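Peer 1: Using the sequences and the hints, build the whole thing.
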Amino acid sequence: MLLVPCPWCGPRPEVEFRYGGEAHIVRPADPEAVTDEEWGEFLYARTNPKGAHAERWYHLHGCGRFFNALRDTVSDRFTASYEIGAPRPDGAEKS
Amino acid sequence: MGEVGAGGRRGVHSVRPLQRFSGFGLLRHAFRGHRDWRAQWRAPEPRAAYDAVIVGGGGHGLGAAYYLAKEHGMRNIAVLERGWLGGGNTGRNTAIIRSNYLCEESEAIYEHALTLWEGLSRDLNYNVMFSQRGVLMLAHSVHEVGISKRHVFANRLAGIDSEWLTPAEAKAFCPPLRIDGGLRYPVLGAALQRRAGIARHDAVAWGYARAADALGVDIIQNCEVTAIRRDTRGAVTAVETTRGTIRAARIGVSAAGHTSVVMAMAGLRIPIESYPLQALVSEPVKPVFPCVVMSNTIHAYISQSDKGELVIGAGTDAYVSYSQRGALWVTTEALAAITELFPIFRRLRMLRAWGGIVDVTRDRSPILGKTPVKGLYVNCGWGTGGFKATPGAAHLLAWTIAKDEPHPINAPFSLERFRDGRMIDEAAAAGVAH
Ligand SMILES: Cc1cc2nc3c(=O)[nH]c(=O)nc-3n(C[C@H](O)[C@H](O)[C@H](O)COP(=O)(O)OP(=O)(O)OC[C@H]3O[C@@H](n4cnc5c(N)ncnc54)[C@H](O)[C@@H]3O)c2cc1C
Ligand SMILES: [Zn+2]
Chain A
1 MLLVPCPWCG PRPEVEFRYG GEAHIVRPAD PEAVTDEEWG EFLYARTNPK
51 GAHAERWYHL HGCGRFFNAL RDTVSDRFTA SYEIGAPRPD GAEKS
Chain B
1 MGEVGAGGRR GVHSVRPLQR FSGFGLLRHA FRGHRDWRAQ WRAPEPRAAY
51 DAVIVGGGGH GLGAAYYLAK EHGMRNIAVL ERGWLGGGNT GRNTAIIRSN
101 YLCEESEAIY EHALTLWEGL SRDLNYNVMF SQRGVLMLAH SVHEVGISKR
151 HVFANRLAGI DSEWLTPAEA KAFCPPLRID GGLRYPVLGA ALQRRAGIAR
201 HDAVAWGYAR AADALGVDII QNCEVTAIRR DTRGAVTAVE TTRGTIRAAR
251 IGVSAAGHTS VVMAMAGLRI PIESYPLQAL VSEPVKPVFP CVVMSNTIHA
301 YISQSDKGEL VIGAGTDAYV SYSQRGALWV TTEALAAITE LFPIFRRLRM
351 LRAWGGIVDV TRDRSPILGK TPVKGLYVNC GWGTGGFKAT PGAAHLLAWT
401 IAKDEPHPIN APFSLERFRD GRMIDEAAAA GVAH
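Sequence order for the protein chains is A and B. In terms of my numbering, the first sequence opens at residue 1 and continues consecutively. In terms of my numbering, the second sequence opens at residue 1 and continues consecutively.
Don't take every hint at face value.
Said to hold, decoys possible - Derived pair list, reagent style DSS-like, types lysine-lysine, alpha-carbon separation capped at 30 Å:
#1 K370/B to K50/A
#2 K403/B to K370/B
#3 K171/B to K370/B
#4 K171/B to K149/B
#5 K374/B to K50/A
#6 K70/B to K374/B
Hints are computed from structural coordinates only; laboratory data are not their basis. Since we're looking at a predicted model, the values are computed, not measured.
Peer 2: The following block contains the structure:
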């Protein structure tokens, strides 16, 4: 069981949360204007890195808020958690 | 497991005849005290160049090499494996094999595999212990009865054996099943595929490795691909590995949970995410469980191995990970489901638990075909259920690499379906692993 660091409630057990997938995926502002390629990419393509992953978590059985976190997908260790809308703390572009 | 084929001849690329297995041969070796069994495949040094390389020495990759050599006459090929053969999901799964999927495209691809399974031990001269003991899929509510029957009828239209059993018939087929109404989720019937079953997973990797080696394929273990080289027009030219540069104009990627990592080496970001999936086995007991039972509603699946262990599968973990171990609560839930369905197993102790990393697509269907990069082919996205596909996926990947175009069976499973919205939605159809 992971201990997930909620920025508001502190580290809490994984079962209190819902995982929200890769963070920082921006919905195209004008869906009509993008190509099928770009739309498919937005919907389905994921970075799925072996290493630092920026991801969304939802503290369902807690404060009820969404936040982002950085986790190493090899060790499962969290290195940061931060508010939705804030840039990645490690400065990397994509997860 | 491990490097069985020690002592290979350096740099020599000779084909040596297979040391065939037979009952008589076994007897002869017994008289000699089993002292002169040969290594079953060589351990060659990688050559500077091949006509094609396969990245990933699981059942799919080894099988693809075998069919490339056997059916397409490509003998100058290599399988590159970062660890040991079958050390990935091939050696970590619960070995359920069936073809009773709902979508037509899936029926075709899984039935193609099942047909190959039926002749595989003979074809490879290696006993993969394919046991067609039947897979029983339980229905626990009127809605599930309706959905299951739809599956059964769809399968029969496609020529796939599939039948609907009443609770009494299901119990006759699988005596440990409780149909007395004492369960939280009563058994209202079951869909049965009699040709479905299980196989010995390691044997599949070893059987393909041995047969491919005998056709001249170089199987290179402890060889991790770290980069993919491309020419000015973007076509692949070579792979960098922990054992040096290997040139090849065709590269087939069959790396399961690591597909995203390998594809990123060619600049591709693909519709795959990697999740831990766990399984566990009990202490061995006398034969008590004659078939495979799956329940979507309570999410449990179980069979008994020939060694006597009950083999139990859990669900995937919630988050992306490459850690090859999942959360304890996930396996605890799997056991709760099993003991609810089969209270007789409540006091069994668990012997081992482990995890694999499965490559999951959004529609829970695989990707098998060409990629936007010339010379690069991919077989992935089998997720929680690709062991059953092993011979089929291998056969179709070999075809796709040899002809530079997909076989009609794998054509719908293209990478482009995510651009075109042509999903093969087994996620909606099954909602469960395997
Ligand atoms: C717990 C569990 C239970 C399962 N149960 C079932 C089941 O009951 N029925 C079913 O049909 N399926 C099941 N599956 C799924 C099934 O195991 C897989 O879909 C299937 O085995 C995939 O086979 P493969 O040969 O593609 O992958 P693998 O056997 O994983 O082979 C991929 C290989 O690629 C290698 N590799 C990765 N990166 C590199 C690199 N850079 N360079 C070189 N080599 C590399 C890996 O080391 C690995 O050996 C289960 C999976 C798990 C984890
Ligand atoms: Zn919180």
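Peer 1: What hint numbers does the structure not satisfy?
Peer 2: Result: hint 3 breaks, nothing else.
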